[in-house]
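*Asks:* Now for the letters of each chain:
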Amino acid sequence: MFENILTNERLLKNIQRILLYAAVIFIAIYALFPFYWAFATSFKTESEMFESATYLPRNPTLKNYEYVFRDSTFINSLRNSAIVSSSTAALALVVGSFAAYALGRLRFKGRVILLYVVLSMTMFPAISILSGLYTIVRELGFFGTPLSLIATYPVFILPFTVWVLTSFFRGLPAEIEQAAIVDGATPFQTFRLILLPLTAPALVTTGLLAFVLSWNEYLFALNFTATNPDAKTVPVAIAQFTGQVARQEPIAEIMAAAMIVTIPLVVLVLIFQNRIVEGLTAGAVKG
Amino acid sequence: MSLSSHTDPTAHQKAKRSPIPAYLVGGLLILIGIMAVVGFVISVSQDDGIQLALNWTASEEYPEQPSVLLAFLAQFGIVLPLLVAYLSIFFISIGAQVLGGSLRAAHWAQVAYMWLTIGMGITILLTIYNTIRVANEDGVAVDVGALLGSIVLPFLAMIIVGGVWWWLSNHIGMYFEGEDLLIARETRLAWNLLIPTLAIFILVAARPLEQTFIRSLTDKRFAGRGVPQFVGLDNYANLLTVRLDTVGCRLDDDTGDCSVRDNGSIRWESIDRELLQEGYRTISNIPVPFSAGQSIAVSGRDDDFVSAVNTTLIFTVFSVSLELLIGLFMAMVVNSNFRGRGIMRAVMLVPWAIPTVISARLWELILKDTSAGILNKVLLDLHIIGAPQAWLSEPSLQLPAGIIVDVWKTAPFMALLLLAGLQTIPSDLYEAAAVDGASPVRRFFSITLPLLRPALAIALVFRTLDALRVFDLFNVLFGRQQLSMATYNFETLVSNQQDGYASAISVIIFIFISIFAFIYVRMLKVETD
Numbered sequence: 020m021f022e023n024i025l026t027n028e029r030l031l032k033n034i035q036r037i038l039l040y041a042a043v044i045f046i047a048i049y050a051l052f053p054f055y056w057a058f059a060t061s062f063k064t065e066s067e068m069f070e071s072a073t074y075l076p077r078n079p080t081l082k083n084y085e086y087v088f089r090d091s092t093f094i095n096s097l098r099n100s101a102i103v104s105s106s107t108a109a110l111a112l113v114v115g116s117f118a119a120y121a122l123g124r125l126r127f128k129g130r131v132i133l134l135y136v137v138l139s140m141t142m143f144p145a146i147s148i149l150s151g152l153y154t155i156v157r158e159l160g161f162f163g164t165p166l167s168l169i170a171t172y173p174v175f176i177l178p179f180t181v182w183v184l185t186s187f188f189r190g191l192p193a194e195i196e197q198a199a200i201v202d203g204a205t206p207f208q209t210f211r212l213i214l215l216p217l218t219a220p221a222l223v224t225t226g227l228l229a230f231v232l233s234w235n236e237y238l239f240a241l242n243f244t245a246t247n248p249d250a251k252t253v254p255v256a257i258a259q260f261t262g263q264v265a266r267q268e269p270i271a272e273i274m275a276a277a278m279i280v281t282i283p284l285v286v287l288v289l290i291f292q293n294r295i296v297e298g299l300t301a302g303a304v305k306g
Numbered sequence: 278m279s280l281s282s283h284t285d286p287t288a289h290q291k292a293k294r295s296p297i298p299a300y301l302v303g304g305l306l307i308l309i310g311i312m313a314v315v316g317f318v319i320s321v322s323q324d325d326g327i328q329l330a331l332n333w334t335a336s337e338e339y340p341e342q343p344s345v346l347l348a349f350l351a352q353f354g355i356v357l358p359l360l361v362a363y364l365s366i367f368f369i370s371i372g373a374q375v376l377g378g379s380l381r382a383a384h385w386a387q388v389a390y391m392w393l394t395i396g397m398g399i400t401i402l403l404t405i406y407n408t409i410r411v412a413n414e415d416g417v418a419v420d421v422g423a424l425l426g427s428i429v430l431p432f433l434a435m436i437i438v439g440g441v442w443w444w445l446s447n448h449i450g451m452y453f454e455g456e457d458l459l460i461a462r463e464t465r466l467a468w469n470l471l472i473p474t475l476a477i478f479i480l481v482a483a484r485p486l487e488q489t490f491i492r493s494l495t496d497k498r499f500a501g502r503g504v505p506q507f508v509g510l511d512n513y514a515n516l517l518t519v520r521l522d523t524v525g526c527r528l529d530d531d532t533g534d535c536s537v538r539d540n541g542s543i544r545w546e547s548i549d550r551e552l553l554q555e556g557y558r559t560i561s562n563i564p565v566p567f568s569a570g571q572s573i574a575v576s577g578r579d580d581d582f583v584s585a586v587n588t589t590l591i592f593t594v595f596s597v598s599l600e601l602l603i604g605l606f607m608a609m610v611v612n613s614n615f616r617g618r619g620i621m622r623a624v625m626l627v628p629w630a631i632p633t634v635i636s637a638r639l640w641e642l643i644l645k646d647t648s649a650g651i652l653n654k655v656l657l658d659l660h661i662i663g664a665p666q667a668w669l670s671e672p673s674l675q676l677p678a679g680i681i682v683d684v685w686k687t688a689p690f691m692a693l694l695l696l697a698g699l700q701t702i703p704s705d706l707y708e709a710a711a712v713d714g715a716s717p718v719r720r721f722f723s724i725t726l727p728l729l730r731p732a733l734a735i736a737l738v739f740r741t742l743d744a745l746r747v748f749d750l751f752n753v754l755f756g757r758q759q760l761s762m763a764t765y766n767f768e769t770l771v772s773n774q775q776d777g778y779a780s781a782i783s784v785i786i787f788i789f790i791s792i793f794a795f796i797y798v799r800m801l802k803v804e805t806d
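Chain order of the listed sequences is A and B.
First residue of the first sequence: 20, per the working numbering; consecutive thereafter.
First residue of the second sequence: 278, per the working numbering; consecutive thereafter.
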């Protein structure tokens with residue numbers, strides 16, 4: 020009888036394991052299949068697009084990639100996106116870590132109100148400030164240049180950066196600063212020499228997130244670079260992709276372009292996945 | 278905490294300190310404060326729009342008198358005048374205290390001078406940039422002489438305020454007295470650190486947002502030259518007027534019963550002709566329970582907007598709840614022990630990392646309406662559907678397709694947020710419960726869910742707010758065929774060029790989202806600290 024219970028339990032354990040792995044495989048297919056589908060499509064010929072779908076390309080070809088790399092608008096858009104995203108991320112990190120240190124570690128009147136101000140900045144939809152920003156971007160003389168995006172992306176990047184970094188700063192033990200103050204360090208020295216190095220991992224995370232968010236932004240890029248094809252960013256270029264010759268929508272080429280811009284991003288995310296998850300959750304879940 | 282003062286190494290010099298530097302530093306600050314107000318008044322009086330409104334005579338181009346108030350608000354807004362007023366009062370009062378030799382005020386003056394220097398520097402850079410840009414656009418060489426002429430004054434000003442700042446940072450202890458408490462130093466540092474962020478918020482968030490509120494009361498055209506006029510709350514009235522009328526059904530001539538369409542829906546009578554002429558259009562009919570042949574017709578003046586609100590709400594409810602369920606399931610799976618957990622966490626980030634524009638186009642391909650679409654192909658192969666479905670062109674399937682795409686992208690993301698919450702639950706709780714004989718289901722409802730509540734709450738708030746303002750997905754997938762609130766706003770602004778009307782839509786969305794956020798935060802008692 021004793022033996023019976025043991026085997027029953029083992030059976031239950033095994034069933035649980037099988038169910039678990041089934042679930043894991045399901046999630047993997049769920050997350051990766053559409054991505055695989057884009058990948059496979061990018062190697063298909065144009066005529067294959069209209070036939071019944073096949074899981075593998077029938078005549079794999081690199082032609083789509085060739086066309087895409089010859090498209091100067093697309094190559095320009097890659098460069099623009101790289102410039103815009105890295106500048107925005109750098110700006111957000113510098114300015115955001117300053118503000119986050121003030122909000123997370125310093126005592127002053129108005130701190131709570133300012134925290135609410137930052138939070139409320141994350142609330143309104145970007146479309147509601149589009150026309151006002153359009154005026155400002157024109158006044159600054161940035162319209163139709165990547166500068167227009169570097170100047171406006173902080174609207175949605177900065178609140179998020181400040182929010183995430185504030186919770187990181189708050190998570191550090193209070194003794195660190197007290198020790199520094201006893202040693203005669205000024206608050207800014209404490210920030211620069213002691214706290215900032217400690218938050219280096221958080222900075223990497225936040226910088227990456229800021230980079231990805233700006234890389235993916237569509238609305239502002241669509242409107243502020245409308246007059247200048249050379250200033251388009253990747254999402255706009257892909258949304259408006261026309262291909263080599265004007266004909267039916269060149270889906271296979273679009274997918275090739277999509278792969279070129281997505282694979283670096285995916286690789287980046289895979290390398291830093293631990294950090295990113297930490298950053299996202301620090302921003303959203305506190306304790 | 279220690280409240281020790283910043284002891285001054287040069288205390289012995291204080292006895293013979295000269296008051297002249299304090300007079301200079303304080304006086305200059307007072308002067309700057311006054312100049313800010315004077316400069317603002319001058320630029321208001323010289324503004325083109327305000328001049329036009331003041332000196333208006335009826336002409337073909339401007340048949341109606343432009344409003345002076347509106348011209349002022351459109352150019353200067355509310356935040357900027359308030360900021361100028363606040364800063365000049367601050368400068369003058371700090372300047373006055375510096376005159377009296379107050380160390381505390383001198384420290385604040387130092388803050389002011391530093392940011393004035395930086396502000397001047399940015400102004401100069403912008404001037405240089407714009408001069409070069411205009412010259413490039415016109416295809417002429419940059420006029421170096423004129424450029425130097427235009428920056429010489431700001432440059433001198435920068436040198437002066439910069440010099441004062443530099444002098445203050447080195448000599449502050451020698452010429453001013455008073456205690457510099459740690460708390461005061463912390464407060465100053467905090468503001469120094471926050472000023473860049475606040476400046477950016479004022480420039481790119483507060484000012485555009487206030488313009489949206491102002492424009493929503495006008496008939497402004499987008500990027501147009503015409504002078505806008507106040508129209509009061511007309512835009513809002515047009516957007517929000519909804520009326521309910523009872524209408525009967527159309528009778529079938531043969532049977533005398535209600536006439537029915539091929540797909541089984543009842544044909545309802547339209548609302549009164551006069552209402553139609555006033556611009557009312559029926560969005561949907563809700564049958565009255567227990568009285569066959571009667572229905573309530575929901576009609577609005579702007580039926581596109583009302584149906585966009587409707588679409589967005591349906592989209593939000595379905596996508597957020599599906600994401601929550603799928604996300605919770607994924608989080609629980611990834612939280613259990615198995616080989617390759619790390620890889621799974623990485624894999625789950627892939628949909629999130631793909632730009633929405635690209636994932637929309639990717640799903641366009643997957644959802645193609647022939648068997649060339651892989652979803653149709655898979656479903657056909659599995660004999661779930663008999664014929665290929667037109668996911669993106671059949672109106673009744675569009676919204677579900679949009680929800681699928683959104684859920685695909687964000688459910689794994691939600692899972693990662695929840696996973697972090699799950700990992701904070703100590704495992705001995707589960708062990709103890711298992712020893713007590715609690716079933717897995719019981720454990721889920723008594724341990725997991727209550728302890729996961731903070732993580733769930735915040736993930737829900739963030740996702741709901743995101744879903745309510747969905748733009749990219751609808752824009753790329755549906756264009757004008759299915760409108761969300763944000764894409765309707767976009768179409769009104771950019772395609773129809775109705776800036777005033779679009780601004781009113783923005784304000785409504787803004788209020789909508791704020792109410793949701795408020796209710797959520799209240800309901801779930803989220804700690805916002």
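Bear in mind the hints are in silico, worked out from the structure with no lab data behind them.
Heads up, some of the hints might be wrong.
[What the hints assert, rightly or not] Computed, partial: chain A to chain B, Cβ under 8 Å:
no.: 1; residue: Y40
no.: 2; residue: I44
no.: 3; residue: F58
no.: 4; residue: M68
no.: 5; residue: P76
no.: 6; residue: P79
no.: 7; residue: F162
no.: 8; residue: A204
no.: 9; residue: P216
no.: 10; residue: V231
no.: 11; residue: D249
no.: 12; residue: I279
[Said to hold, decoys possible] Stretch by stretch, here's where chain B covers chain A in the computed footprint (C-beta under 8 Å, at least three residues):
no.: 13; segment: 46 to 57
no.: 14; segment: 94 to 107
Heads up, the beta-carbon is just placed ideally off N, CA and C, and yes, glycines get one too.
*Asks:* With reference to the structure, classify each hint as holding or not holding.
*Replies:* Status of the hints after comparison with the structure:
The closest approach between the C-beta of A:Y40 and any C-beta of chain B is roughly 7 Å, which is under the 8 Å cut-off, so the hint is satisfied. The beta carbon of A:I44 is not positioned within 8 Å of any beta carbon in chain B (closest approach about 10 Å), and the interface hint is therefore violated. This hint is violated: A:F58 has a C-beta 10 Å from the nearest C-beta of chain B, more than the 8 Å allowed. With its C-beta approaching chain B no nearer than about 6 Å, A:M68 sits inside the 8 Å limit, and its interface hint holds.
Hint status for A:P76 relative to chain B: violated, with the closest Cβ pair at about 13 Å, above 8 Å. For A:P79, the interface hint is violated, since its Cβ never comes within 8 Å of a Cβ in chain B; the closest pair sits about 17 Å apart. Here the hint on A:F162 is broken, as its CB sits about 10 Å from the closest CB of chain B, past 8 Å. The criterion of a C-beta within 8 Å of any C-beta in chain B is not met by A:A204, whose closest approach is roughly 12 Å, and the hint is violated.
A distance limit of 8 Å between C-beta atoms decides the matter here; for A:P216 the minimum to chain B is near 17 Å, and the interface restraint is violated. A hinted interface residue such as A:V231 counts as satisfied when its beta carbon comes closer than 8 Å to some beta carbon of chain B; here the least separation is about 6 Å, so the hint holds. Look at A:D249: its Cβ only gets to about 13 Å from chain B, farther than 8 Å, so that hint breaks. Evaluation of the A:I279 hint against chain B yields a violated restraint, the C-beta minimum of about 11 Å exceeding 8 Å.
Residue count for the segment 46 to 57 of chain A with a Cβ under 8 Å from a Cβ of chain B: 9. That meets the three needed, and the coverage hint holds. Given a C-beta distance limit of less than 8 Å, the hint that chain B covers the segment 94 to 107 of chain A is violated, as 0 residues qualify and 3 are needed.
In the structure shown, a violation is registered for the earlier hints numbered 2, 3, 5, 6, 7, 8, 9, 11, 12, 14, in ascending order.
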